[in-house]
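Could you build the full structure based on these sequences and the hints that come with them?
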Amino acid sequence: MSRRKGEPTGAQIDRAHPHQVALSEDRVMGANYDVVHGFCKDLSVHRRTQSVYAQWAEPRGGYFIIFCFAEKEDAERFAAEFEGIPFDPKRDRGKGDRKRFWDVAPTDS
Numbered sequence: 001m002s003r004r005k006g007e008p009t010g011a012q013i014d015r016a017h018p019h020q021v022a023l024s025e026d027r028v029m030g031a032n033y034d035v036v037h038g039f040c041k042d043l044s045v046h047r048r049t050q051s052v053y054a055q056w057a058e059p060r061g062g063y064f065i066i067f068c069f070a071e072k073e074d075a076e077r078f079a080a081e082f083e084g085i086p087f088d089p090k091r092d093r094g095k096g097d098r099k100r101f102w103d104v105a106p107t108d109s
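The opening residue of the sequence shown carries number 1 in this note's numbering; numbering runs sequentially from there.
Derived from the structure by calculation, the hints contain no laboratory data.
One or more of the hints may lead you astray.
Label-pair ranges, simulated between beta-carbon atoms [to be verified]: (1) D34 to E83: 17 to 25 Å; (2) E58 to P8: 28 to 36 Å; (3) D42 to D97: 33 to 41 Å; (4) D42 to D103: 32 to 40 Å; (5) D97 to F39: 29 to 37 Å; (6) G96 to K41: 31 to 39 Å; (7) D97 to K41: 30 to 38 Å; (8) Y33 to R60: 22 to 30 Å.
Note that the Cβ used here is the ideal one computed from N, Cα and C, for glycine as well.
So this is what it looks like as structure tokens:
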């Protein structure tokens with residue numbers, strides 16, 4: 001995938017905004033879009049989201065939108081408000097050709 005000159009890479013976003021929360025794409029689309037992005041207005045969220053495909057999601061897999069925060073407290077507030085799933089890019093994101101996949105389901109720990 002290409003990017004515009006001056007636009008940060010996914011790795012740069014991960015380093016600067018390491019506290020990440022995943023929401024199922026249906027929680028972010030349509031009328032929910034303004035609600036979710038309005039809530040983020042005063043938080044330390046990066047303006048660009050990322051996405052991953054989770055094969056483990058029921059019933060046949062699904063896409064998740066990743067919101068990246070610089071501050072842990074902001075990520076926790078966001079996750080609590082929208083029932084988000086914490087996402088660790090080092091642990092959860094696939095490697096190489098699978099970098100757009102979330103291979104392992106989150107655990108309740």
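Going down the list of hints, with the structure as the test:
1. D34 to E83: 17 to 25 Å: About 18 Å separates the Cβ atoms of D34 and E83, which means 17 to 25 Å holds.
2. E58 to P8: 28 to 36 Å: This hint holds: roughly 33 Å between Cβ atoms.
3. D42 to D97: 33 to 41 Å: holds (37 Å)
4. D42 to D103: 32 to 40 Å: At roughly 34 Å between Cβ atoms, D103 and D42 fall inside 32 to 40 Å, so the hint holds.
5. D97 to F39: 29 to 37 Å: holds (34 Å)
6. G96 to K41: 31 to 39 Å: holds (36 Å)
7. D97 to K41: 30 to 38 Å: 36 Å Cβ-Cβ, so the 30 to 38 Å window holds.
8. Y33 to R60: 22 to 30 Å: Once the Cβ atoms are compared, 24 Å apart, the range 22 to 30 Å for R60 and Y33 holds.
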